[in-house]
Amino acid sequence: MLVWVVSSAVEHLALNEGVTGSIPVRPTMSWKEKVIIILSGLGVIVSSYLVLKTLDPSTVTCAIVTGCEEVLSSRYAKIGGFPIAGLGVIWYLVTLTLVWLVYGRRLLRKIVLIMWATIGLIFSAGLIYISSFEIGAYCIWCLTSSALVSLIFVISLTGRSA
Amino acid sequence: MSSDSKFFIGVVAAVVLAVAGIVFFSKKNSTTVSGDLSLLTETEHKIGLDEAPIKIVKFSDFECPACAAAAAPFKQIQQEFPEEVQIFYRHFPLPIHKHAVIAAIAAEAAANQAKFWEMNELLFLTQKEWSDSGNPINHFIKLAEELGLDTSRFQEDLRSNELRQKVNKDKNYSGALGLNQTPTFFVNQEKVVGAKSIEDWREIVAEARKNLSF
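Protein sequence lines, in the order shown, are assigned to chains A and B. Each number in my numbering comes from the position in the first sequence (counting from 1) with 3 added on. Each number in my numbering comes from the position in the second sequence (counting from 1) with 4 added on.
Since the hints were derived computationally from the structure, they do not count as laboratory data. In this text the structure is predicted, and so the values were computed from the model without any measurement. All clues given are correct.
Across the chosen pairs, the derived CB separations fall in these ranges: (1) B/G14 to A/F126: 25 to 31 Å; (2) B/Q159 to A/F126: 52 to 58 Å; (3) B/A24 to A/S153: 23 to 29 Å; (4) A/P30 to B/G14: 18 to 24 Å; (5) A/T121 to B/S42: 56 to 62 Å.
Which residues of chain A face chain B? A few of them, derived with a C-beta cut under 10 Å, are: (6) M32; (7) E36; (8) K37; (9) I40; (10) G44; (11) S51; (12) Y52; (13) K56; (14) T64; (15) A66; (16) E72; (17) Y95; (18) V102.
Ideal Cβ positions, reconstructed from N, Cα and C, are used throughout, including at glycine.
Given these sequences and hints, build the entire structure.
Spelled out as structure tokens, the structure:
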């Protein structure tokens with residue numbers, strides 16, 4: 004449904020943004036869009052790793068190495084049995100899809116990605132807060148994911164498409 | 005196909021490959037172990053027949069909540085398969101737990117009066133009561149009383165260097181095996197990490213039986 008709505012919006016705006024004569028020509032992908040695609044791909048990898056670690060029964064342990072084990076075995080690592088990192092995988096996959104759908108359409112890309120990246124950034128900030136003040140431990144991979152979300156947000160915010 | 009499409013498909017393919025690699029290697033690494041596995045059952049803390057074909061060794065820390073959760077199903081699986089399963093207990097007090105070593109010594113002190121498994125059970129059942137206290141010794145003495153132990157001998161044993169060395173021997177062996185988390189089990193020398201429910205154990209034992217029949 005979401006994809007359909009976005010696709011419709013894309014087509015509508017594409018006709019108003021990049022029309023050349025009667026045949027709409029889609030501009031090529033900018034370097035920013037390529038960077039966001041790569042960052043989203045990395046995000047999928049990192050989040051998938053975190054999902055595996057969360058679901059791995061071996062995380063029901065006490066470990067010498069604190070950090071990821073502590074964070075991923077905490078009660079905050081899952082919502083109703085679903086790993087929080089799974090939401091990360093979904094977020095990055097949607098980002099990938101959105102960039103693919105809107106690439107080349109500067110205005111639309113900005114609107115859609117800024118909105119989506121803001122959601123990611125707020126969620127990510129919430130997780131860092133929980134990690135710091137509720138769990139009292141940091142997981143390097145969770146922080147990496149937060150850094151990727153922040154980068155995607157910053158790139159989405161920046162001015163004209165390069 | 006445009007170069008943008010090629011780029012996108014290339015990234016997606018690389019991501020799929022990387023995720024598949026992570027799944028593959030995470031399974032492989034979880035069973036990696038170093039050290040001499042033939043010494044796994046070198047402990048007097050065991051339940052079951054020596055002839056039992058399935059030997060399950062548990063490396064555990066009395067102050068670890070996951071070990072407390074793992075304690076009852078571990079004993080239950082032996083009771084369900086008394087002819088086939090023999091269980092062993094090895095100490096692996098983690099440095100992050102400040103009372104783990106003295107708790108292990110308390111279990112050894114109880115073992116000197118033939119009550120290792122009883123003390124083992126009580127230490128886990130009352131873990132929350134003593135793990136947060138500044139000095140858990142009084143609690144251990146209460147447990148010893150509850151078990152009907154000679155408390156003066158028990159207290160003397162708590163200070164025993166010999167028992168401390170016994171615990172350290174297990175701890176050093178855990179280190180030699182490259183273990184870094186508790187509970188860690190070895191099922192016929194096959195490493196299994198993390199607390200297991202009784203349902204998990206039934207599956208693990210069924211798998212071990214299958215392996216033995218080949």
